[in-house]
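Residue-level listing of the chains:
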Amino acid sequence: MIGRKKTEATPESASRSAFTDAIKLSRDTGGPVANGDVILTVRDLSVQFWVGDEWFTAVDKLSYDLHAGEVLAIVGESGSGKTQSSMSLLGLLPPTGRATGSANLKGTELVGMSIQELREIRGNEISVIFQEPMTALNPVYTVGFQIVETLRTHYLMNPSAAKQRAIELMTLVEIPDPADSFDKYPHQLSGGQRQRIMIAQALACEPKLLIADEPTTALDVTVQAEILKLMRDLRERVSAGIILITHDMGVVADMADRIIVMKDGLVVEHGSSHDIFTNPQHPYTQQLLASVPHLAEHADGDDLAGPPQTTIMVGDTPVPLSEARTEQTPALLMEDVAIVYPKQGRRPEFRAAEHINLRIEQGEVIGLVGESGSGKTTLGRAAVALLPVREGTLTVGGHDITHASLKELKPFRKTVGIVFQDPGSSLNPRLPVGESIGEPLLLHEGLKGQALSKRVEDLLDSVHLPRAMRNRYPHELSGGQRQRIGIARALALNPKLLIADEPTSALDVSVQARVLDLFKELQEQYGFACLFISHDLAVVEQVSSRIAVMHHGHLVEVGDTYDIVTRPQHPYTQRLLSAVPVPDPEEQRKRRELRDAIIEEQHIVS
Amino acid sequence: MSNNNGFNEPDDARLEQEIPEGDAVERALVPDVEGAAAHEVAGADEASGRGEGVGEGKEVAGLSQGQIVARRFFRHRGAIFGLVTLALVTLASVLSMGLGPIPGLWRDQEMRSGDVINGGTPTLQIPFINGSTFSLGMYPFGQDSLGRDYFAQVLLGVQTSLFVAFILGAVALILGVTVGSLAGYYRGWVDMALMRLTDLVITLPVIVIGAVLGALISKLPLRLHAGPETAVWLRENMPLLLAIALGCVLWTGLARLVRSEFLSLREREFVDSARVAGASDWRIITKHMLPNAVGVIVVNTTLLMSSAVTLEAALSFVGFGIQAPAVSLGRLISENQGAFSTRPWLFWWPGLFIILIALSINFIGDGLRDAFDPRTKRVPSARAMRKAEAELAARQSTQTAEGGAR
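Protein chains in written order, with our numbering: chain B, 1 to 606; chain G, 1001 to 1406.
Read the hints as simulated data drawn from the structure, not as lab findings.
Quick reminder that beta carbons are idealized off the backbone N, C-alpha and C, glycines included.
Among the clues, some could well be false.
Claimed, not checked - Quick list of the computed label-pair ranges, beta carbon to beta carbon:
#, chain 1, residue 1, chain 2, residue 2, range
1, G, Asp1199, B, Asp233, 55 to 65 Å
2, B, Glu174, G, Ala1193, 30 to 40 Å
3, G, Arg1071, B, Asn471, 30 to 40 Å
4, B, Thr100, G, Arg1077, 26 to 36 Å
5, G, Ala1388, B, Pro342, 55 to 65 Å
6, G, Asp1199, B, Met134, 30 to 40 Å
7, B, Asn471, G, Arg1075, 19 to 29 Å
8, B, Asn471, G, Val1294, 19 to 29 Å
9, G, Gln1067, B, Ala34, 54 to 64 Å
10, G, Gln1125, B, Asn471, 37 to 47 Å
11, B, Met134, G, Leu1263, 15 to 25 Å
Go ahead and model the full structure; you've got the sequences and the hints to work with.
Encoded structure:
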């Protein structure tokens, strides 16, 4: 049972929690469970959606058993039906969807259950941890109220007892100062803390089944590590079965006992975590594992001679500008740059980046990593003059653009390109993609008609897309295809400097692998310098020769890629590196121990 | 997805497989389309899923956004009902009473007064209601107290109402979109100035504007020592003047909506990417942002037009709107209000047409709103579901039968 230590033999001897006196209002399906019992039996579960004039099968005949205390991971890319198969257990399909087959929770059939009965099951017997804690919590109620609400829906308990129980739960999920946090609103908590509240809420009624739908996808890698640590700890203490839905093989390696690999609604492989990672049978599983970027893949001991080639921030002294390696003018030079978001109304001005010293040589790819909110995107936007620089000087290709006017910027625009993070938002939905690609050519070179058309086709060729695609609209393309269009547009004017702002973070892992390959190929072909921004060290490692690490608006470490990923000097870099999950259970266990040690040592709670 | 257009994307990610893994890196840079198609067929076991929203994606494959909106709109029963009704009413009005100088087909184009026949009762006969056969008779909608044909007056009034609605819509559209887009795009002091102006206009009461305009029309020619022909011109063009005046007051709602739409659009990355590409402000506003705000604009202009119909009727009823010789539905009701207890048809006919026009424009607006909103999903009817299920079962049973035969 939740909240009681395993060492306590019987509930009677437990310190009397407010919860033990509560009378359950909702019914208890199938009585108490012990570790190892079969909780959920799913047979031939299919989910279909009404599309056009027929049923489209999203999940086809899924079957599995789930035991108490076990973590079952359902892995697959977007559209594989992994989420819908679990939402159908709770009757949370959209009105156009329907589920057939059987899902049996301790003797209760869940498929085809009425709404009233389901309401007693939801939050009580089965609870869900959603992906986005900001949108899953109601912003107008305090987090404590929201936990209490769940409790009092299913239990007859007075408000003070419910509050006491809620604080117990918040303690369980390691919220700092739970009594104080009880009265806080979701926006007053950090992303990681919000996700902890979500978990506390999900655990409130001691559910038999916990569905975690991409619980860490929206979080930074360091926060993800802490949430995973929490979930692993809870696993020991909670007798629920956990279904973990994720696309991230690293997370799976960290948590799962058994794995179901899904593709296009079908189960392609089902087995124990160990088997799947060490001996994947199905080619899709093999490819999925192969496309996960491994950190420090090519590391071997020989290269470790000599001191690490990195410079770090010491105290308040910023990382100095690295020395020029060639005679050429650098593609990008930032000297003591500060970028400030001006004061808006009562909101004070915000210094997003300060004392930035960065040099990018011609044709060099530099990776910029950091958590969300660290200012890395701000830096990238400033480099293409989308944001003004407050202090210092910013030079692109030998031209000082620090205080350039709009007119002076026009020739500069020809020499830079930017690839945005979200391929869904960076293309105008009302324009055919060919027109989007051709826009810079039209504006700068005045190309029209045949000449423009020829150039657009060349660009589509270079990003490996069929020429016929130029007449399509963005909503008709997949995420990967859209990102290729974004790259083609950024390269239209053959820029000297390319800013790639998390170009792969919105993509599935296998699609990411291909886009990264394409990127490397194009970089060799065109020879542009690039600032590659990402939160994922493993991705940056693949493409860049040097890496800059950013933390709270400061560069904390700049150095050769190899040194950063093998011998990080700054404590923040070390923490970042240790938090990257690795798709290998054995390796991951070692890293996890190291990471936990670092977290303990640095006393960080996010 | 924060994408506010949010049309679910199909993910034929199989095309991603055009770049093979490992050894095939040195393949030709130019992929041929046939090759891609072959890949698509062979792509069953490759490492790419269907991608997000694949189900909904099937429905929109190969359509532009305009086509998707049109398709959703034509599925909306209420909207189609409204569209047909509005078209029929317009057609009836134009055919019978002509358009501007072109005379219509109805025998009485002048609306001369004459003898009141049978107390002016309508001669329209409709089967099952008041007769055995359908016949129009001499005065289908009856006569007013001066013996004028009410049918001619009502259908001419319909034209005035529609005319006012469209002119008002157009004026409000131009003003509202201009003010809203400039305020939303430039923000800062431009936004401040334009939005305070908007607030000021909102405070102007519409009834007072109508009254002032009515007074001006009769007094202004005298003040300016203009000839009687100017006065007549002004009176004859009263609907146009009223529509423009009301449009100049009623653009505020649209301006606010367009502004907020622009504020959110301006944060979208495609606007940034256009800026990086070197596009001017004018180009960004007209080419990139306005087409994306078209949903909000079209829907709200339509709804504004429907309220314009009732507003015109209300203003004319209280005597501030359209004045003789121009005819409007509201003025007809106002002129004949003394006769309601004895000759109720003088009230019913213009009232019926006001309701028809306002309702059908409203339905069209609702249909447009649903069509532009990607979140509306069509839930199939129980019958269609059963049919599809039977088909699916039949297909599966034939498959198993084939499997058994082999």
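Now the hints, each set against the structure:
{"no.": "1", "hint": "G:Asp1199 / B:Asp233: 55 to 65 Å", "result": "56 Å, holds"}
{"no.": "2", "hint": "B:Glu174 / G:Ala1193: 30 to 40 Å", "result": "52 Å, violated"}
{"no.": "3", "hint": "G:Arg1071 / B:Asn471: 30 to 40 Å", "result": "19 Å, violated"}
{"no.": "4", "hint": "B:Thr100 / G:Arg1077: 26 to 36 Å", "result": "30 Å, holds"}
{"no.": "5", "hint": "G:Ala1388 / B:Pro342: 55 to 65 Å", "result": "57 Å, holds"}
{"no.": "6", "hint": "G:Asp1199 / B:Met134: 30 to 40 Å", "result": "33 Å, holds"}
{"no.": "7", "hint": "B:Asn471 / G:Arg1075: 19 to 29 Å", "result": "25 Å, holds"}
{"no.": "8", "hint": "B:Asn471 / G:Val1294: 19 to 29 Å", "result": "20 Å, holds"}
{"no.": "9", "hint": "G:Gln1067 / B:Ala34: 54 to 64 Å", "result": "58 Å, holds"}
{"no.": "10", "hint": "G:Gln1125 / B:Asn471: 37 to 47 Å", "result": "57 Å, violated"}
{"no.": "11", "hint": "B:Met134 / G:Leu1263: 15 to 25 Å", "result": "20 Å, holds"}
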